[in-house]
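Each residue of the sequence shown is one higher than the one before, starting from 1 at the first, in the UniProt record's numbering.
Calculated from the structure, these hints are not laboratory results. Predicted, not measured: the structure shown is a model, and the values here were computed from it. A hint or two may mislead.
Calculated lysine-lysine pairs in the DSS-like style (CA-CA distance at most 30 Å, straight line) [said to hold, decoys possible]:
1. Lys103 <-> Lys171
2. Lys13 <-> Lys81
3. Lys148 <-> Lys86
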Amino acid sequence: WYTGIVHNTFKFKDIGNSKEQMLQAKVGLLKSVPFDVNNSLNWTISGDIFVGRNTMHRKFLVVDEIFNAKSRYYTYGIGVKNEIGKEFRLSEGFTLRPYAALKLEYGRVSKIREKSGEVRLEVKHNDYFSARPEIGAELGFKHYFGMKALRTTLGVAYENELGRVANGKNKARVAHTDADWLT
1 WYTGIVHNTF KFKDIGNSKE QMLQAKVGLL KSVPFDVNNS LNWTISGDIF
51 VGRNTMHRKF LVVDEIFNAK SRYYTYGIGV KNEIGKEFRL SEGFTLRPYA
101 ALKLEYGRVS KIREKSGEVR LEVKHNDYFS ARPEIGAELG FKHYFGMKAL
151 RTTLGVAYEN ELGRVANGKN KARVAHTDAD WLT
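Use the sequences and the hints to build the structure in full.
Put into structure tokens, the structure is as follows:
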């Protein structure tokens, strides 16, 4: 099993220098199946669930005045990753491992309602499906120092999003008004 926490800060290059902070926790299980004696051909399947909390500080310019709006929203979801790889030993310390993987994910973004600010927005909740095939290779180096070992890896990969992530079905309106929902 595995677990992790990540914190990101996004600084947008808009006129008002808006920013968003994201804190996400993830927990998951994995199972690895070797197909040969020395485990060089390996299939790994993993599944995880995640929960996130985001805070947003939006700043926007209207004519010559900067307006602010702050909000908080949550994300959660579940994901599965299927990977097969073959490790080749190049020398005493170097290995090369090409692999192919498929990552599937379902997630949901909660309703966003800006709590403070002059022009507050309200965005309906939305869910997404993500399907990302990936192909890549890792060059690994391992050096032993007596009973201890140092292992480092350099990897390169290509992945492509095939799922329904940025589909433009988000609906938003100006909060505390009778305005219609816009897509």
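For each hint, the structure was consulted:
no.	hint	verdict
1	Lys103 <-> Lys171	holds, 27 Å
2	Lys13 <-> Lys81	violated, 33 Å
3	Lys148 <-> Lys86	holds, 25 Å
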